[in-house]
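> Residue numbers (the numbering used here), protein chains in the order written: chain A, 1 to 146; chain B, 1001 to 1147.
Everything labelled a hint here was simulated from the structure, so no lab data went into it.
Keep in mind that this is a model prediction, so the values were computed, not measured.
Beta carbons are placed, not taken as given, at the ideal position from N, Cα and C, and that holds for glycine.
Please note that the accuracy of each hint is not assured.
[As the list claims (entries may be wrong)] Partial list, derived from the structure: chain A residues whose beta carbon lies under 8 Å from chain B:
#1 P21
#2 Y25
#3 G37
#4 G40
#5 V44
#6 I45
#7 I51
#8 G64
#9 P81
#10 T86
#11 F88
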Amino acid sequence: MSEQTSDTVTYDAVVPGTELPVVSYPVTRLSLVKYCGASGDFNVIHWNERIARSVGLPDVIAHGMFTMAEAGRFVTDWAGPGAVVTQFGVRFSAMVVVPDDDIGASIEVSGQIEEKLDGNRVAIALTARSGDTKVLTRARAVVRLP
Amino acid sequence: MAINREYAGRAFPASEPYEVSRVKIAEFASAIGDPNPVFRDRAAAQAAGHPDVIAPPTFAIVISMAAAGVAMAEPGLGLNYAMVVHGEQRFEYSRPLVAGDIVTAQPTITEIRDAGRNVMLTTSTEIKTLDGEHVCTAISTLVERAA
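Construct all of the structure, not just a fragment, from the sequences and the given hints.
So this is what it looks like as structure tokens:
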């Protein structure tokens, strides 16, 4: 969200333990179709409900990488335009099920400053939920602030 | 058909050169709903200290997955793609991918192991410029769910 964007995060001002407030990112069937095209990942479980169900899934599910991208967006919005991400890792712990309606699903991302590292780098622990379910675990990014 | 464990440790040839374009970065940023100007506006990116438009931190998957996909599609590997979900993903960047970069991606299957009834397959893909400068290593773990 634009209100979270900041040009002013500086390494010196970062305090370990600080909570980064939750931001909600929507995901609809259209999001997944666009993501299929942009990423080149056309796995049918991300756009075809018939085949998704036939392989035992509850419905079409979001690409794990779509969820990770929203967590990345959370990080880059917080860190500001001059920052660069040097490490970013996640475990996909649950599926984001995307129903065929006008609302879709949402992914709620929040974070906490984990530690300050050398070279102006900051480690951020991330949490991502969809509904009541944690969809990412061990999610962590390291950013180098300008 | 079971996954062929003999593929663990196998390195695959580097991909053909991939040119990172401003248009593709902007398309990717739009697909993830991210309006950040450093992903689409050269002047904004340069004002923030980057040489050109930079790619979002997960953009490297576009390059690494295309390269690793060649390995995953090997008939001898026996992976059933409809049963595959993404288990883990990690990126280690030396610097951001920047519009104008021409890179290759070289995948290696680093591990194939059982996890209950599922099989986990990990690939590590090195993305480098044509001059050999390391930009990113993308480490992906795919899970083939039991039928």
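> Should the hint that T86 (chain A) touches chain B count as held when the rule is a Cβ pair under 8 Å?
Given a least distance of 5 Å, the restraint on T86 (chain A) holds.
> For the restraint on G64 (chain A), tell me whether the closest CB of chain B is nearer than 8 Å.
Cβ of G64 (chain A) sits 4 Å from chain B, so the hint holds.
> Tell me if the interface restraint on G40 (chain A) is satisfied: Cβ within less than 8 Å of some Cβ in chain B.
OK, holds: G40 (chain A) within 8 Å of chain B, min 6 Å.
> Less than 8 Å between beta-carbons is the criterion; does G37 (chain A) satisfy it with respect to chain B?
holds (7 Å)
> The hint names P21 (chain A) as touching chain B; please verify it with the least Cβ-Cβ distance against 8 Å.
Violated, about 18 Å.
> The hint names V44 (chain A) as touching chain B; please verify it with the least Cβ-Cβ distance against 8 Å.
holds (6 Å)
> For the hint on P81 (chain A), does the least C-beta distance to chain B fall short of 8 Å?
With a minimum Cβ separation of about 4 Å from chain B (threshold 8 Å), the hint on P81 (chain A) holds.
> Hey, does the I45 (chain A) contact hint survive, CB to chain B under 8 Å?
Hint on I45 (chain A): holds, closest Cβ of chain B at ~7 Å, below 8 Å.
> Taking 8 Å as the limit, does the beta-carbon of F88 (chain A) come near enough to a beta-carbon in chain B?
holds (5 Å)
> If you take the shortest Cβ to Cβ gap from I51 (chain A) to chain B, is it below 8 Å?
This hint holds: I51 (chain A) lies near chain B, its Cβ roughly 7 Å from the closest one there, short of 8 Å.
> Was the hint right that Y25 (chain A) lines chain B, CB cutoff 8 Å?
It holds, given that the least Cβ distance between Y25 (chain A) and chain B is near 7 Å, below 8 Å.
Figure legend: structure checked against the earlier numbered hints; the only hint not met is number 1.
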